[in-house]
Amino acid sequence: MRVFRPFLLFIAVAVLLVGAGTMLAVAETPAAGLTPSNVAEPMPTASASAAHCIMPTPFMRRNHMKLLMHDRRMEVHDGVRIQGHNLEDCMTCHVVRDAQGEAVPITDSRHFCNKCHASAAVSIDCFSCHRSTPEPTSAEARR
Amino acid sequence: MTDRRTFLKTALAAGGAIAIGPGLFLVAEAEAEARPADEPFSAKQRWGLLIDSSRCRTGCTSCVEACQKEQGWHSDNLGAADPQWIRKVEATDPRSGASISLPVMCQHCAHPPCVDVCPTGASFRRVDGIVQVDRHLCIGCRYCMMACPYRARSFVHEAIQDQRTHTPRGKGCVEACNLCSHRVDTGGGPACAEACPEGAMVFGDLNDPNSAISLALRKHHAVQLRPDLKLDNGVQYLGI
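Line order of the protein sequences matches chains B and E. Note that the numbering used here has the first sequence beginning at 1, numbered continuously upward. Note that the numbering used here has the second sequence beginning at 144, numbered continuously upward.
Extracted from the complex, chain B is given alone in its bound form (with noise of 0.2 angstroms):
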């Protein structure tokens, strides 16, 4: 005759939630030398124009798409403009330029943006429509 026994009972599912737990564990480690501090941190130049950002780098880092998002809708939508917060003037002020003295688009690997996206392989839309470069002075353009 069989005998319900719940010790028994217990006993296999602590064994199925701890198995179950290990492996989870284990997916979730991440392999030697691949943690985020042993990768480098990708450095992109600063602007040489200005002393700082609109706001601190670890702000920007973290933030400026969310800027970047809040902002076109003020922009396009309500019309309220406010210096520093468009990315005409993020392009004017942390552009790359290579030996020729030319503004490198971002379909170049040093473009600002790409320091970062290449890295965090996260790929952006902004420049299907936008400029990615400061437009030419008629100067330059003359050139």
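Derived by calculation from the structure, the hints in this document are not laboratory data. One should not assume that every hint holds.
Cross-link-like lysine-lysine pairs, in silico, DSS-like; alpha carbons within 27 angstroms at most [as the list claims (entries may be wrong)]: (1) B/Lys66 - E/Lys362; (2) E/Lys187 - E/Lys314; (3) B/Lys115 - B/Lys66; (4) E/Lys362 - E/Lys231; (5) E/Lys231 - E/Lys373; (6) E/Lys314 - B/Lys115.
Just so you know, these numbers come straight off a predicted model, no measurement behind them.
Starting from the structure of chain B, add chain E where the hints point.
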């Protein structure tokens, strides 16, 4: 019911008129100044364009060229699929043989069909009357192109590089005349009106009774294209 803001505005306006007597001119002049960049659009203005087709020369494309240069668009040799913010239309009456020439672009309707049909809110009307596309929201469905009775909108079929900074434009979005909003917002007018060698285009504030466009509209009988649709166009024509 009058809300507090409307009541205050009315009270202030009445107070101002009493205090300065015939000083309505002062108020009007103050409003005509360029809007500060960090303030929102004002519904006090309604931007419009008056085009005198009797002075528009057949074959002249100065306005189209000025628009291309200002907004950075050009033909991609795609025929009917080319970008087109403004075009010249030549029309001849078959009975009399009389012909007219006129530029046609977005008519900046007060009740725009393109805004009605847009499923994402990308096609919108600014409170100052300019109808334009927010490319951040445009999904390229082209409903607005079908809804527009003036065929004013076009679709970008090719990837674009070297856009003008003030006119972001890219593949997969619909675009049209925005009355050079970047110039209007800094106190200027559209490039086409400035470039017209005959001075046949007048830009201004339809709500300001003393603006050049309002004075001209009071003097001449202007018509809207397809007035039967009752869209209340911001762009109006003389001599058609």
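Results for each hint:
1. For the hint pairing B/Lys66 with E/Lys362, the CA-to-CA distance comes to about 51 angstroms; that exceeds 27 angstroms, so the pair is violated.
2. For a cut-off of 27 angstroms, the pair hint linking E/Lys187 to E/Lys314 is broken: about 35 angstroms separates their Cα positions.
3. As the CA atoms of B/Lys115 and B/Lys66 are separated by approximately 19 angstroms, the hinted pair is consistent with the 27 angstroms bound.
4. Distance hint between E/Lys362 and E/Lys231 is fulfilled; the C-alpha atoms sit about 26 angstroms from each other, no more than 27 angstroms.
5. Annotation: proposed proximity of E/Lys231 to E/Lys373 holds, straight-line Cα distance about 23 angstroms (limit 27 angstroms).
6. Annotation: proposed proximity of E/Lys314 to B/Lys115 holds, straight-line Cα distance about 25 angstroms (limit 27 angstroms).
Hint compliance for this structure: hints 1 and 2 are not met, and every other hint is.
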